[in-house]
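Protein chains: 2
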Amino acid sequence: MPGSRPDLRVAAREIDLSPTETAGGPRPNPPLQVYDTGGPYTDPDAALDPARGITRVRAPWIAERAAGTTQMGHARAGVITPEMEYVALREGLEPAFVRDEIARGRAVIPANRHHPEAEPMAIGRHCKVKVNANIGNSPLSSGVPEELEKLVHAVRWGADTVMDLSTGEAIHETREWLLRNSPVPIGTVPIYQALEKAGEPEDLSWPLFRETLIEQAEQGVDYFTIHAGVRREHIPLARERLTGIVSRGGSIVAKWCQAHQAESFLYERFDEICEILAHYDITVSLGDGLRPGCVADASDAAQMGELRTLGELTERAWAHGVQVIIEGPGHVPMDQIEANMAAEREACHEAPFYTLGPIVTDIAPGYDHITSAIGAAQIGWHGTAMLCYVTPKEHLGLPNADDVRTGIVTYKAAAHAADVARGHPGARARDDALSRARYEFRWQDHFNLALDPERARAYHDETLPREAHKEAAFCSMCGPRFCAMAISQEL
Amino acid sequence: MPGSRPDLRVAAREIDLSPTETAGGPRPNPPLQVYDTGGPYTDPDAALDPARGITRVRAPWIAERAAGTTQMGHARAGVITPEMEYVALREGLEPAFVRDEIARGRAVIPANRHHPEAEPMAIGRHCKVKVNANIGNSPLSSGVPEELEKLVHAVRWGADTVMDLSTGEAIHETREWLLRNSPVPIGTVPIYQALEKAGEPEDLSWPLFRETLIEQAEQGVDYFTIHAGVRREHIPLARERLTGIVSRGGSIVAKWCQAHQAESFLYERFDEICEILAHYDITVSLGDGLRPGCVADASDAAQMGELRTLGELTERAWAHGVQVIIEGPGHVPMDQIEANMAAEREACHEAPFYTLGPIVTDIAPGYDHITSAIGAAQIGWHGTAMLCYVTPKEHLGLPNADDVRTGIVTYKAAAHAADVARGHPGARARDDALSRARYEFRWQDHFNLALDPERARAYHDETLPREAHKEAAFCSMCGPRFCAMAISQEL
Ligand code: SF4
Ligand code: SF4
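Order-wise, the sequence lines are chains A and B.
Residue numbers for the first sequence follow the numbering used here, so the first one is 1172 and each next one is one higher.
Residue numbers for the second sequence follow the numbering used here, so the first one is 1172 and each next one is one higher.
Since the hints were made in silico from the structure, they are not lab data.
Treat the hints with care, since some could be wrong.
One copy or two, it doesn't matter: identical chains are merged, so the pair holds either way.
Stated by the list, open to error - For lysine to any residue, the following SDA-like pairs were computed, each having C-alpha atoms within a straight-line distance of at most 20 angstroms:
1. Lys-1368 to Pro-1651
2. Lys-1368 to Cys-1654
3. Lys-1641 to Arg-1184
4. Lys-1368 to His-1431
5. Lys-1641 to Thr-1191
6. Lys-1368 to Arg-1652
Predicted model only: the values in this text are computed from it and were never measured.
One chain only, chain A, in its complex shape (with noise of 0.2 angstroms):
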């Protein structure tokens, strides 16, 4: 789609439809167009190189602004900026009003200015719900190749941002290829590297956390979990909690408090962090320390404790210009869902809130991508303006590929059902095109409309697999006696 500029070109996806037939011959369906995370990786004519990199489609819109300046800066100044006018193109909103939303920090366009590779996106309550995927390897497992096909797999499916929550060697470097390669905003956790680099959480210190997030920062990283909320005075709170602090940065500053018997340098020295952050426009994502990790533990007075500290570093990150989101729980059970947005939102002036399923139910381990998309979905419908996935592994070990994209495509479908909810501008378009085509028995289009056609194709072809079940009037699970979309056409 072509914006005001000749370098301002949204990408979006078209999905051909086959006609419809009819009495009077077949009627033409016109192309979907749908919101498309996967950059020149679904681009058929995309040259792709990995050691060189993906285009750098804000490298000329960058090099017109200083450094220092921000989205947020630029948006209270009354600026449209093409990052601006991309994200309001892509989702279908006035380029005044995504100016405004990020003015007043309800909307943020996470856009590091050494990460010129990153397509504009905005997260935020007006916006459509992202997902995010997490990635990383570990001290166990996995290079670059592996990081970088994990990257190119999760944009493929649908990942809105990438958070790289690498702790095992070869961080930095891995770090570099991703965001060379990354059309979306990269997240990390510095203070993950810091603690690979100080050994014990007792042995972090200021300047070893500063010279990473510098590190970082230079390289390009779009937003930072920064758990600068976790203060001494909650961590005895935790203590009365059945399953502790879940969170690993949230553990590692309550070791360092408890060590030291001192308030976080994070805390303290936040108005350093948001200097840096402000020079690069990183937008900072203020980390849940204290997020119940059990059913049993959700809504209480860490968990709220923490959250109101968090509102105190918004307003505090708001005033030097730096983008901010919140996050959140974790295990919620059903009936506090809607609270727990609410509170965030009161708390944390309408910052966007993004969350971590949250699992409604403790008792599903191997199925908590499920539990965890139930109050996903809620709590997306109710105002949360992205969601970081869960895969089937959650709480039990490392994902593979597989349940990188099972967990992807959950959220996808957890996101899009809270956009319907809410009743998102042209959010149902996209069903009402695969209802259709169902009912009308146009398969491969049934197939090419779903969020995973291959996964789709092949359930439909594991009982019927010719090619002329294609065009059939039934499917296996009704058989062709019992097809109630068939009986009903014929009245």
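Given chain A, work out where chain B with the ligands should sit, using these hints.
What follows is chain B with the ligands alone, placed relative to chain A:
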């Protein structure tokens, strides 16, 4: 659990737990008792012979009662039947409360006097949310041994009732084997067999349907889905829809009405149907023949018109002492779920609601166990009494054994999440036991407390297969140095 008479012993499952290691030595954890649907199939001491059938637990109770008396009739007369007491013990409710719920039609115990093998269970808004699994052969597949295996599989994974939707050969014989070996209530849709006999929808007739009803009633079917709510006046309303009529029963009835230019015999003969049902104490599941088949058609005039008719039929059935449940959608966007529950409650005088999902977005074929679990968990929380499972093959083909397992476990999780959100007494005990085991790295307990212990164990063992890792204070997800729960425990 022993009841008030020697022949009343309620089945339950006990999960042994290992001790917690403390500084002062091991501290034992009491076993956790959970609701069990497996009947003799989960009893290691049971001698099983499908040719003889399982124990006829209800035989002595039925022998004490006259034919034509129903649980509803007894309840209205103030009698607490052994079935009501069984249900009360199983659910942790007061027997008098169960009786009162049944008397006013807010709960049902589907239990044909010709199915003494079934362990009593209740469906109602103040009981645990139940899950139904559909099985059944089709013209394309599977004989008696396969269907029996699916039944055992279904109850083992937790199906509270099973519907036999067979449409192919040997319907009568298959059903006989299922009934004689089923510890859970069996439901059917009698019009399927009637259609097999008739050949074409227009050749269906009241005598043929009546004969089929009695044939199945004699065998012991516990509840019948009957699409008596599809009235002639509703059928034109479905023409405006994106996906017309998607209920098999509904499309058959609509076809008959159109061919005969008449009101269906199911509606016209409803009182005669009720007389048959009362004789055996069969529950009627009022089918939603006009349920929406896509989110665009949700809550439309056809659906709501039929729902009002179901309310009228509910009162007619109750006048005969026949227990009633109401089938519901299907496909509903999240923002309409609570209203759908409220509409049913009002139109059908609080008769238990029994929904198929609902699916909350149409764009994820291959993942519809998930898109529907999102809706199912929510509508269960709002008061739906039983959830009909959906498998990953929905809309695409006949499920296989693994799809059945995935569908049931997914729905058990959704139903349990609803119980937790409703604050059902004791519902959270299993969540808390599992979370505690998780936090204390009692991996075997963690797996054993899961809804699907085999899958949880397999996922864990994919990366850490050694026995020693079952004691490890980490898993491969965050790895030994970054395990948040391990760091938290050091605090
Ligand atoms: S056979 Fe059943 S599931 Fe398959 S297309 Fe027809 S109505 Fe849909
Ligand atoms: S490594 Fe992570 S997922 Fe595994 S037990 Fe520890 S905190 Fe839980």
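Status of the hints after comparison with the structure:
1. Lys-1368 to Pro-1651: between (64 angstroms within a copy, 16 angstroms between copies)
2. Lys-1368 to Cys-1654: Answer is between; shortest inter-copy Cα gap is 17 angstroms, intra-copy 63 angstroms.
3. Lys-1641 to Arg-1184: neither (24 angstroms within a copy, 46 angstroms between copies)
4. Lys-1368 to His-1431: within (18 angstroms within a copy, 81 angstroms between copies)
5. Lys-1641 to Thr-1191: within (14 angstroms within a copy, 57 angstroms between copies)
6. Lys-1368 to Arg-1652: Classified as between: cross-chain Cα gap 13 angstroms, same-chain 67 angstroms, threshold 20 angstroms.
Hint check: a violation occurs at hint 3 only; the rest are consistent with the structure.
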